[in-house]
Amino acid sequence: MKIDFEEIKRLEKLSALSSSEEKLKSLAEDFNKIAEFVEQVKNADIEQTDIGYQRVLKIDELRADEVVPSMPQSEIVSNAPEKEDGCFVVPKVVE
Amino acid sequence: MEDKEIVKLGILETLELIKSQTITSEYLTRLYLSQIEKYNYKNALLEVFDDAITRAKEIDEKIKSGQKVGKLAGLCFVIKDNMLYKGKKATCASKFLENFVSPYTATAVQKLLDEDAVIIGRANMDEFAMGGSNENSAYGNCKNAFSDEHVSGGSSGGSAVAVACNMCVASLGSDTGGSVRQPSSFNGVCGVKPTYGRISRFGIVAFASSLEQVGPITKNVKDNAYLLEILAGFDIHDQTTRREEVPNYLDSMSNGVKGMKLCYCKQLIEKYKDSKYYSKFYDVINFFVENGATVDEIDIKNIELALPTYYIIATAEATSNLGRFDGVKYTTRTCSSSDIKKLYVESRTAGFGDEVKRRIMLGNYVLSSGYFDAYYNKAKKVQQYISNSLNKVFDDYDAMIMPVAYGEAFKIGEKSKDPVSMYLEDMFTVIANIAGVPAMSVPYGFGVNNLPLGLQILTKNLCESKMYTIANFVEENYKGGMHD
Chain A
1 MKIDFEEIKR LEKLSALSSS EEKLKSLAED FNKIAEFVEQ VKNADIEQTD
51 IGYQRVLKID ELRADEVVPS MPQSEIVSNA PEKEDGCFVV PKVVE
Chain B
1 MEDKEIVKLG ILETLELIKS QTITSEYLTR LYLSQIEKYN YKNALLEVFD
51 DAITRAKEID EKIKSGQKVG KLAGLCFVIK DNMLYKGKKA TCASKFLENF
101 VSPYTATAVQ KLLDEDAVII GRANMDEFAM GGSNENSAYG NCKNAFSDEH
151 VSGGSSGGSA VAVACNMCVA SLGSDTGGSV RQPSSFNGVC GVKPTYGRIS
201 RFGIVAFASS LEQVGPITKN VKDNAYLLEI LAGFDIHDQT TRREEVPNYL
251 DSMSNGVKGM KLCYCKQLIE KYKDSKYYSK FYDVINFFVE NGATVDEIDI
301 KNIELALPTY YIIATAEATS NLGRFDGVKY TTRTCSSSDI KKLYVESRTA
351 GFGDEVKRRI MLGNYVLSSG YFDAYYNKAK KVQQYISNSL NKVFDDYDAM
401 IMPVAYGEAF KIGEKSKDPV SMYLEDMFTV IANIAGVPAM SVPYGFGVNN
451 LPLGLQILTK NLCESKMYTI ANFVEENYKG GMHD
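First to last, the sequence lines map onto chains A and B. Residue numbers for the first sequence follow my numbering, beginning at 1 and rising by one. Residue numbers for the second sequence follow my numbering, beginning at 1 and rising by one.
Please note: incorrect hints may appear among the correct ones.
Straight-line C-alpha distance at most 27 angstroms; calculated BS3-like pairs for lysine-lysine [to be verified]:
| # | chain 1 | residue 1 | chain 2 | residue 2 |
| --- | --- | --- | --- | --- |
| 1 | A | Lys-9 | B | Lys-341 |
| 2 | B | Lys-392 | A | Lys-42 |
| 3 | A | Lys-42 | B | Lys-271 |
| 4 | A | Lys-2 | A | Lys-13 |
| 5 | B | Lys-271 | B | Lys-415 |
| 6 | A | Lys-92 | B | Lys-329 |
| 7 | B | Lys-271 | B | Lys-381 |
| 8 | B | Lys-381 | A | Lys-33 |
| 9 | A | Lys-2 | B | Lys-415 |
| 10 | B | Lys-95 | B | Lys-329 |
| 11 | A | Lys-42 | B | Lys-381 |
| 12 | B | Lys-381 | A | Lys-2 |
| 13 | B | Lys-357 | A | Lys-9 |
Derived by calculation from the structure, the hints in this document are not laboratory data.
Next up, chain B with everything else stripped away, as it sits in the complex (with noise of 0.2 angstroms):
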């Protein structure tokens, strides 16, 4: 096989290829280095770790004394900037962090590591996970994996795009609104936010932490429900996570989805109306029709308050865990004053950029006595009613579907301007965050500019297979692209 071709496979078959000893995992790792050397201009990794090489030499040792491997063994991964790994840097594409250096590994990233995973380098975000472009990264922005001019989405841009390119097998991003599913989509690839607590978010730097879960980013569906496995499952350092036992997502998996029960929301496809993929979402109703489902439109009352709850309640969250960034304990202090307000003042005003600030203060407002009830205990209650309508929902079907972006990836520039426009592009994607629930980006085409869309699929609490079995069902009948 060719060496171009090698970089384009997915988990399973590269695994094949090392476990067979067809190729080491330095030869592999090399290949994606030069990858990462020819596609890097996109400004998708921040650094490429300089240990890499010497530790897919070890696992080759590993392999070829005949030592039992892990599971991910001499495969290469990219990991977002906001996840620790010991002595390496993390810095949330933050200025505030720019020399902040892990002094622990995060739990999903020791995960990969068990298995004999090569970590390759840390990816482009949005600072603090706060965007939808990767425009708030205070280390430039990150391109789309299929056009320079537009953006990768986000926060977790450069995650996907590092998967688009070929320059890893698969990658982690976070999602607290959409930040694993809207670049995924952009990019072409598979991006999965779990249900609640299903992956520790141990050592991912918290944004809000009530929404945020880590996600895995694959080049296809079987190779996220196998990745998936891998990182789901309790840890004491993280109460949050479920007890549940992990089911192998694989095998659970079942063919097609002839006799299933599927839904759309009715008030969300209204909102879907002007996007130029209107007809194009119906096509694929009609496709889940032909192959044996049933597609009913629902009504689910208040369902376009998950946006602006979602704003009120990640916001409020935002400003409590960024309160730690002190100049004090991280890093950065810029300040020499004897006065130690002065001293947070000046450190903090430096350190964040400017949407970080805007978040911080509005978290500030919805919290701030005389506002606390009117906006977050009442979008606390919004947030309860959605997630129970939505709950309801999945008693009597099995998934629902929507778009995740109103279209492909819109120009570098166009929204970065007005903050509400680039909040409006989370519309369809917040929900799954605010109920908790598991939800999913599969590639299902491509838009007028040539550009990926991705098809969203939501289902129960813990009913990722049910996700992976219709996501499945759609790459091998609607195909998404990959970068040469």
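In isolation and in its complexed conformation, chain A is listed as follows (with noise of 0.2 angstroms):
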């Protein structure tokens, strides 16, 4: 399957990205050999099989639900480029 440019375009919008016009030419031809490569799994010939998330979800023993001592406050906020009273500095989102 072909990608097309604008399609390339849209995946960069949603990656949170952002190119130049040359950068993302070259960036959508190595996108279409990936895409062609991984095309053989869409047209895989396999029986039904149930989807496996229990491998990695298979959780049988919850922890228990007990308070103990977490990570403080100007820890968790020490590696933000901007911070204030232990809080990450954003711009402002709502008016």
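From these two lone chains plus the hints, build me the complex, please.
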């Protein structure tokens, strides 16, 4: 399946990324090769199989619901590029 | 014993020297530091921790004063740059996390520290563990331990080269699609991806959570078994860790392969036909037969789909996991705009390298509406299918044998222009991640360029002891090599 330039632009937007036209064109080329490669899965002829989420999420014993010390707020925001009073600073998002 | 011989020793032998007080941990650490000075032009380590000597001295004090010491007392380890160690940087070899300082310590790293290990530095890798050559590092590629013209492999390239060049006694890598085994194969060391859930992933920066595992990289098989026992076990902070008791892998290893039922997969070996080492694979098969094992060729339908399936699942998970890097919580903000969307986009665009961007976009492609069922859901079904098939194989066989990669390490730059040719490198390794079973790379000789080759051994879930038994047998008969 050929992925056109518009589709690449849409995916870039979904990914919260932005590139120059030129870079995007070369990316589109790579992307088509990769898409062709994963296409075999779409067309795979396998017998009906249950989706295997169990392997990862098999939890038969839940963690006890106990209050334990958590990481201090100051450490949680310690790597933030901008912080104030233990909070992450972001541009205003609500009017 | 001469200094240059000491650094070549494995965990068990070095431990004897420390415990008998033949050498101190400080002395040992300084030997590795000079080894690093000599060989780190390879770019295996991104940082040497400046408190290594202080820590070594503390452990020496403990030993001198007769206190009880841990199972790794005074030994020096290297950790991959995606593992958190409180107060130290962990950058995932990405520009995005250039200044990220770990606020806590990963469980796997803590287990080393609890046994009185010294962590000497953090190792180079492909950015966010995405790659098979270490060429995707934002801090420069890592060269092969045996050749400056060839890649180290990846993504745990630095971890493997650090062990092969004797900059440490052993290291930790992480393996999502072969990232411990392939660089181990390329550098002549032993690398293991244990059963999914055997080692905690708490404190390891996530790439594809349902596929990845921490894996030990060591100079010999017995060291690996010893180290896995220390690293494995349930962790309250990682609910995917297994609760089964961790065996003493060293003691539960048996001698030889006599009576074992081994197999190799026809479809996979057909893919290997063009490799220069096709006949070498049969040599090792014959070797198993000569030593009393039976080896069958078996048919596993659709096994070749493991690779594209892996790239769908891994990229889908990566897209979600890397969503957290948005210019708000982690170090990089490349925008002073008052528009939050612009802030996200500009920070991510500046912070991520090309391969990471490609994979995020591919992940969004397979997850986006209209494609979700055709790609992601179908890939999960194929995963279950392959996993079921492999489990059936292990009802009848002790282990499956296959190569780790098509051949020895390739040249720097050889595959970096074509992402699909790079992805094909993972053909033999992704199977264990897709099925969740343990797998190991053990050196079994050298290729035409005098670069090491690795043999891969896969066993049933939680049957690492069997894997180690077979690998140990190979190691004692097909010697790998070490850097002088």
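Consistency of the hints with the structure:
1. Between A/Lys-9 and B/Lys-341 the CA atoms are separated by roughly 16 angstroms; this keeps the pair inside 27 angstroms, and the hint holds.
2. With a C-alpha separation of about 24 angstroms, the suggested pair B/Lys-392 and A/Lys-42 falls inside the 27 angstroms cut-off, and the hint holds.
3. Restraint check for A/Lys-42 and B/Lys-271: satisfied, since their Cα atoms lie roughly 21 angstroms apart, inside the 27 angstroms limit.
4. With a CA separation close to 19 angstroms, the supplied pair A/Lys-2 and A/Lys-13 stays within the 27 angstroms bound.
5. With a C-alpha separation of about 18 angstroms, the suggested pair B/Lys-271 and B/Lys-415 falls inside the 27 angstroms cut-off, and the hint holds.
6. With a CA separation close to 16 angstroms, the supplied pair A/Lys-92 and B/Lys-329 stays within the 27 angstroms bound.
7. Annotation: proposed proximity of B/Lys-271 to B/Lys-381 holds, straight-line Cα distance about 23 angstroms (limit 27 angstroms).
8. At most 27 angstroms may separate the alpha-carbon atoms for a hinted pair to count; B/Lys-381 and A/Lys-33 meet this at roughly 23 angstroms.
9. The straight-line distance between the Cα atoms of A/Lys-2 and B/Lys-415 is roughly 23 angstroms, inside the 27 angstroms bound, and the hint therefore holds.
10. A threshold of 27 angstroms between alpha carbons decides the hint, and for B/Lys-95 with B/Lys-329 the separation of about 15 angstroms falls inside it, so the pair holds.
11. Taken as a hint, the A/Lys-42 and B/Lys-381 pair is honoured in the structure, with Cα atoms around 11 angstroms apart against an allowance of 27 angstroms.
12. The hinted pair formed by B/Lys-381 and A/Lys-2 meets the criterion: a straight-line CA distance of about 24 angstroms does not exceed 27 angstroms.
13. Our distance criterion of 27 angstroms between C-alpha atoms is met by B/Lys-357 and A/Lys-9, whose separation comes to about 13 angstroms.
Checked against the numbered hints given earlier, the structure satisfies every one of them.
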